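Participant: Chain order of the listed sequences is A and B. If you read the first sequence in our numbering, its first letter stands for residue 1, the second for the next number, and so on. If you read the second sequence in our numbering, its first letter stands for residue 1, the second for the next number, and so on.
For the record, the hints were derived by calculation from the structure and aren't laboratory data. Heads up, a few of these hints could be off.
Said to hold, decoys possible - Within a straight-line C-alpha distance of at most 20 Å, the following computed EDC-like cross-link-like pairs (lysine to aspartate or glutamate) qualify: (1) A:Lys289 <-> B:Asp406; (2) A:Lys318 <-> A:Asp454; (3) A:Lys458 <-> B:Glu371; (4) A:Lys661 <-> B:Glu37.
Quick caveat: nothing in here was measured; it's all calculated off a predicted structure.
The lines below spell out each chain.
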Amino acid sequence: LKDNKISANSQLQHLHAALESARRYLPSQGPIGVFIHHNTLHDFENMTFEDAVRHVATVRGTQPYLLHSEYLTAMRRGRILEDDLAYALQHSWHAKNPKEQVLTDEFTRYDLWNTAIRVESDGCTEEQIEWFLDEKQDSKSSDLRQMLEIVLRRVAPFAPKKKNQYGLTENPKRERADSTLIWLLTAFFDQGIGHWKMPGRENGFYDVAVNYFKADAEWKSLTAEQACLQLLLEMKIPEEDWQTAILDTLLPFSGWAGLMAVLGERPKLASVKASLMDFLAVKLFLDRKIGVPREAWRKSVPSSILEFAWYATLVLSKAGIDINVLLNATDEKWTNFCQELEDFDDIARRGVLHIAYEHRYRQMFYEALNRKEHQPVHNPSYQMVFCLDEREESFRRHIEEKSSETETFGIAGFYGVDMRFQPHDHHEAIPLCPVAIDPQNFVVEKASSIRRRDLYLKNAQRHVYKGTRGLVTGQMLSLLTGMAAAVPMLTGTVSLRPFRRRVEILTAKKPKATTLDVGFSLKEMVDRVEGVLRSMGLTKNFAKLIFIFGHGSTSTNNPFQSAYDCGACGGQRGNHNARVFALMANRKDVRLLLAERGLEIPPSTYFIGGVHDTCSDHIELYDTAMIPEEHQSDYRKSCELLDEACERNAHERVRRFNGTKNMNGRQAKVHVESRARSLSEPRPEYGHGSNAACVIGRRSLTKGLFLDRRSFLTSYDCTQDPDAQILTDLLSAVTPVCAGISLEYYFSRVDNQIFGCGTKLPHNVTGLVGIMDGHASDLRTGLPWQTVEIHEPMRLLMVLEAKVEQIELALKRLPAVSNLVHQGWMQLGMIEPVSGKIFHFEDGAWVSFRESTASVLKHNKSNSYDYYFGRDGHLEPAKLSIPTTAKKSIGGNR
Amino acid sequence: MLIEASIFDFLAIAIGFPVIIALILSLGFFLGINWNEKTIFNVSRATVVISSVCALIAAMLALAFPVDVISTAAMPQRVHHFGSVTFGNNLELDLTLVFDSFAALFTLLGCFLINLVGHFSARYLHRDAGYLRFFVWYLLFFAGVQTVYMAGNGEVLIAGWEIVGLSSVMLVGFFQERVRPVRNAWIIFCVYRVCDAALLLAIFLFSVASTDAGAFLGVHKLATNANATLVFGAGICLVIAAAGKSAQLPFSFWLPKAMEGPTPSSAIFYGALAVHCGCFLLLRSQQWWSEYMILRVSIILIGLMTALYGSFVGRTRSDIKNMLAYATLAQVGLIFMEIGFGFTTFAVLHMAGHTMMRTYQLLKSPSALREHMNMRKGTSVNVAPTNFRPQAMWIYRLSLAQGYLDEWIDAWLRVPLRQASTHAARWDTFSASVCEQRLARVLAFLLRKQRACLVDTRQKKARELS
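Next up, chain A with everything else stripped away, as it sits in the complex (with noise of 0.2 Å):
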């Protein structure tokens, strides 16, 4: 009996063991109700990239790169050039040796992989093949054939003989049980949107869902995990294929699966009790109710011989190999050759051609920044703060081209108020603040008045809700208030642009006067100003006008609209944190603690928060009535001064869009703002799809650069950092946000059916915690295609600027940023701030930077809108010189 009971508990801790291997292959995102980017295989961050990518695509099935034919088409549009090849293949031999002979004398190994990446590997079946042979009759053609003919011949007995096949074959009895399985559930996972709560929720999924089938008393009376043992037990599995078998169990509802585990690590998400442990045995005990024989998901079938020696014989005629020379080739030279092929296969070549598709940004993004001279600025009138998000870049830069006294800084968008923050008319408080923090302070939003008018509309609405899925109210609405649906329905899709402005002057909603509760204490607050004026380097030569800026984005219809606030302050809008942030800084008490620091803020100095709204480029600023009588007419100008660069702003955004060539600026800023507002708008901006770089350093470093929108930009002052603590600090905070982004675009842009969650068409909000493709599905994570389609996928390139000794000290300090560093998942460069030279990090040594011996085009452009206007796609980041005073407004005519 004892031993027994010891073996059932070491199967006990290995089933623990199998389900936590397994459970790396799952999504692990949280509720779409607070959008936090991460990487997507988070889990084996410990790996290196290539082999995490390769080792989860041999697993699940999943794409990579991106295609092999998409990297053609970025050769072909001149995105990646010859000596980026060079570049990547130099960088992918490892231990090979390149000049090693594969076929014939002259055939090496460098010919062979040069070869190979130019020649298309997808999408090449057996079908197309037969058919081009059977079709195609001209000369060209028939060479190809007779060499087909020798290779088919000489490689089939060494030829792969297995390949890998993945997902599950179609069988109705488990699609129907599937159906049973998602309907229980979006019921179980449901934070509202049905009428009534699922009973018995809170015992847990298998409870609920071993009463649901009415389950043997016998079943009800195990735990999940008992159960899963059991279960697995009578399915007569080895131990060792447990884990195995758990995959192909939960694969197929990955999303559900994963939104367990998250659900059950993080209970404070959603009020439901989750644990995946109670979803695999519901799994499991549903396969064996509907008998159905246990499935691989990866399954070995037969591999063709005639696809393989096709894509040979591509690669040998594109290598201009003579016929002759094959025939002559011995055995044992056709063995080496196929295993050479076999081993530099498709992952492979992607992996080169995305290494070139890198190399080449990073090139254009060093050219830019090398020997760039510094453009401080003297006696800044304005100071303005932004958040470091890349879409920040680009209006950052217009203000600077329209006003050339001011200066600008980044830094994470919470400014370092990590805070509960409950607003006026909300009952709970939400955090603000990046999530690996969890806040203690509370700041509270009370409202002057609360207007009786508002609460009656807002019941009201409440009413109508809940009422138009009844019966008879249903049927009263619909019968009373049916037909009124056509005015929102009208002016949501359709613009009407004269009739809406004179509605919009008429119901303006005058932003309600509210006054905070900040609940921080003297010395925090002290702590939280310091902190953030040191981390940006601003410790002297203060304007007079400081604006510290949070971001959010205004969209309609959007599930994903979390996805595009700010990462800073955990998917939330910014401008709590930003107003409270000017607030404290304003106060006499916390500048006078600050002297005593030695951080000495004039008098003359004010600080005001706002927001900029990146999808319909509005801004709003916060306290204004509050300003001293000394800094109105700053203040007046300074309004003029962001006016002008919002429409300037929303000019640059919309080239990206469709029908918007030969906008000026007015009509542009209109078209940003009814893509914010219209109810059939799946784009309403293409939130992080541009981002590829990171510089963390001063920004006269980065000033009159045209960076696309697609550089996050950190300020940092390398000369203010003797001990690299600030930049301890500034990485382990930025590092996850910007890489968490970037890994995340990546990833659903090379896989967007698996990664990323597919076209946004069809979409439909779940449970409010997630979403499905229609009508009943696998619960669909990552980012929409829509959200993804310009997205270049690259891993994060983050420049520093900084002494080597400073980031060899911050890196050893931080050991998860070091890993993302060295296990290639991101790129790091370092620019040295006295030298200006550059230096890439490469294979765990800084390699100096030597600009590309093929031309890149110089551009003579004296600001951003002649550099930018009339083109489309991605643009090359530029020096810009900047005149001393802006010349033109946008389009003229204003």
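Please arrange chain B on chain A, whose structure you already have, making use of the hints.
Facilitator: Leaving out everything else, chain B in the frame of chain A:
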């Protein structure tokens, strides 16, 4: 008479124009023209606008020039016979349209919604591979639904009815690369075929019962000498057809499954126009079936059951599109009841209001999340799910399982049908082989005979010659 003719000319344009444009667009595609988005959208927008304007002019003309018959209604019924197409000796298809306030109301409502959804989709589907496909089916649907609204006799009605069905099915299966949408589209196609067959049968029975086919859609009063049994039979078929098209029990399972296409198509088809076609048919033909108490009671019962079904199952749905689908079911069930009770005006207003409201709700279904968050602000009304009384657990379970309707249909309809078809196929092959043998034998016999004849004649001739 001139006014009369011009009203119907406008209506004919309103129906015919979208069909022609859809055909041109798809023909162009097959000939290798790569229509770009802008052309597709501008062409279909212009088409829909022109055809809506035609319908509007027709309606205004009809209002401005009342028919000679003294009538209290604002827009009394006008009927126009365009002519007939004759096939062979005895198959003659009439083309008749009817236009009255009822048809006008729904035509204009349809025009409004179709225009709006077209505008919506132009942006929503931007850069989707199926842009052309979507707009071709959208145009055809527009023509089909207008045909249903204005049909004056069975032949015209069935044409519109089929087009509506086909375009709905094609847009449910819009995402052809995934299995589920295609399978669900197939299920809907099957249901639609059942109602098509029922409608055809109804028309057939009706035309056998009474020589006056116009009475089918209420154009004339039914002649008193009609065969009551056959008319009753036609009524039963009609109820089946209407119930199927409007997803009433036992056909209710298809409506939620239809939520597979892009959001705007789900909105216009299943929240709005297509799902109300059955109600429309019942209202149109009310004059003759309302004589039969059994039919009225069965319509009321079907409606009542569906309303309860939709309401209960809807309460357990926690994804926005399915929840709206069941809410729609419940309301359409109520409309059926209203029609059964004979509250015509009430039913018409209910239909119109519900169409509008549901389209809006489905169009903005992606904002469910944001809406709910805004709704939760403040405190006084609770929008969170209500707790369920554990005593009535069976109701919850039954509702969550959608009343086991799918299983039920499977066991009682799909499986027996499939078995029957297998048997039939077997019988077919068997009988075919028997027939072949027989035929072969007959042919051989004939051939032998003929040869014998030939030989005979030759011998005869030879004899004569000699």
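Participant: Mind checking the alpha carbons of Lys289 of chain A and Asp406 of chain B for me, to see if they're no more than 20 Å apart?
Facilitator: At roughly 18 Å apart (the allowed maximum being 20 Å), Asp406 of chain B and Lys289 of chain A satisfy the hint.
Participant: Regarding the pair Lys318 of chain A and Asp454 of chain A, is the alpha-carbon distance no greater than 20 Å?
Facilitator: Distance ~72 Å between Lys318 of chain A and Asp454 of chain A Cα, so the pair is violated.
Participant: Given the proposed pairing of Lys458 of chain A with Glu371 of chain B, does the C-alpha separation stay at or below 20 Å?
Facilitator: 12 Å, holds
Participant: Quickly compare the C-alpha distance for Lys661 of chain A and Glu37 of chain B to 20 Å and report which way the hint goes.
Facilitator: 16 Å, holds
Hint 2 from the earlier list is the only one contradicted by this structure; the remaining hints agree with it.
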